[in-house]
Amino acid sequence: MSTLHVLSHSPFGDDRLSSCLRVIGANDALLLSGDAVYALQPGTAPFNTLNTRALNLFVLAEDVQARSIETPDWAKAIDYPAFVDLSIHHDKVNSWL
Amino acid sequence: MKFAIALFSAAHAPSSRRALLFAQAALAGGHEIVRLFFYQDGVYNASASVVTPQDELDVPKQWRAFVSEHQLDGVVCIAAALRRGVLNEEEAGRYQRDAVAVGAPWELSGLGQLHDAVQDADRLICFGGA
Amino acid sequence: MPKSLLIISRQAPWSGPNAREALDIVLAGGAFDLPIGLLFLDDGVFQLAAKQDAKALQQKDLSANLQALPMFGVDELFVCADSAAERGLDPNSLPLEEARTLTAPEITALIDRYDQVITL
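Residue numbers (our numbering), protein chains in the order written: chain A, 1 to 97; chain B, 1 to 130; chain C, 1 to 120.
Please keep in mind that the hints were generated in silico from the structure rather than gathered at the bench.
Just so you know, these numbers come straight off a predicted model, no measurement behind them.
Check each hint, because a few of them may be wrong.
[What the hints assert, rightly or not] The calculated SDA-like cross-link candidates involving lysine to any residue, where the alpha carbons are at most 25 Å apart (straight line), are:
hint : chain 1 : residue 1 : chain 2 : residue 2
1    : C       : Lys3      : A       : Asp91
2    : C       : Lys3      : C       : Leu57
3    : A       : Lys76     : B       : Arg97
4    : B       : Lys2      : C       : Asp33
5    : B       : Lys2      : C       : Thr103
6    : C       : Lys3      : C       : Thr108
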């Protein structure tokens, strides 16, 4: 069983990312969308945390593009059709509203 | 695959646009949407009273067109809608309010419809927050 | 076999309608005899704190509704141990006795166990 976790809040001043990382499973995936993509801002604590965890990490392409954030090679930028596919590949979706 | 899509944020929230784009991609990918369920601030996406500035994306209008074109089941949680002043004609009459903010293709109904959709669908995906 | 649904409630009792509207989803599910679980995570554990006085804020007291959950057929209630400890709450002395305290790995397994999840 695996879950696709979806985050959409900035990790700065919000505890959704840290709470998610506490409960995310080994087979789960994490999609960063909206302001959550700021977690990929280099030189930050969230960036370093995500870099060191062995996660199946995805990011919504339009959001990194809008913010001129580079997708590191340990993450994959996806579009909406791929987002749909990802939600099917995993058994359920847990959006951290 | 059958999707139930629940939206919890207002029309101007980026997550509401993401929900719309996801829904469009799901249909384009040959999947089915068993229901769209608007809860909490999501009810505002169904409001006909929302006036979007000309130079901005009109999300309520896009939702309306999407639901109508594909004849989808678009349900707005009645309790959440009442609390937020998104009333249809029936509720406006019942509570003696002047403004009717929601009509076809949207239907006001209870949380049972969300549970029903969860039971029917293969995947539930929620959008909201930010 | 009906699909099971886990509601993860992360907000404090009166931070807007979130706690109330999360509970409404749970109660509706219970009323339809569906398998519903409720996990209190992060600030959601504050909903279980003792001696709350909602009247002071002219708000609804949700604790009576929480106590009534088993009567609605919802007895799968959980509290995150870490969230409680971080917030100065002893998970073993929270008024909602039916709520089981879970560690982070147990929460991972809990989410896995349910067919669907809503985190709000």
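Hint check results:
This hinted pair checks out: C:Lys3 and A:Asp91 have alpha carbons roughly 12 Å apart, not beyond 25 Å. Note on C:Lys3 and C:Leu57: the hinted pairing is violated, with a Cα-Cα distance of about 38 Å set against a maximum of 25 Å. Note on A:Lys76 and B:Arg97: the hinted pairing is violated, with a Cα-Cα distance of about 50 Å set against a maximum of 25 Å. Restraint check for B:Lys2 and C:Asp33: the C-alpha separation of about 23 Å stays at or below 25 Å, so the hint holds.
At roughly 33 Å between alpha-carbon atoms, B:Lys2 and C:Thr103 are farther apart than 25 Å, so this suggested pair is violated. Proximity of C:Lys3 to C:Thr108 is assessed by CA-CA distance (about 18 Å); at most 25 Å being required, the pair is judged to hold.
Hints 2, 3 and 5 from the list above are not met by this structure, while the remaining hints are.
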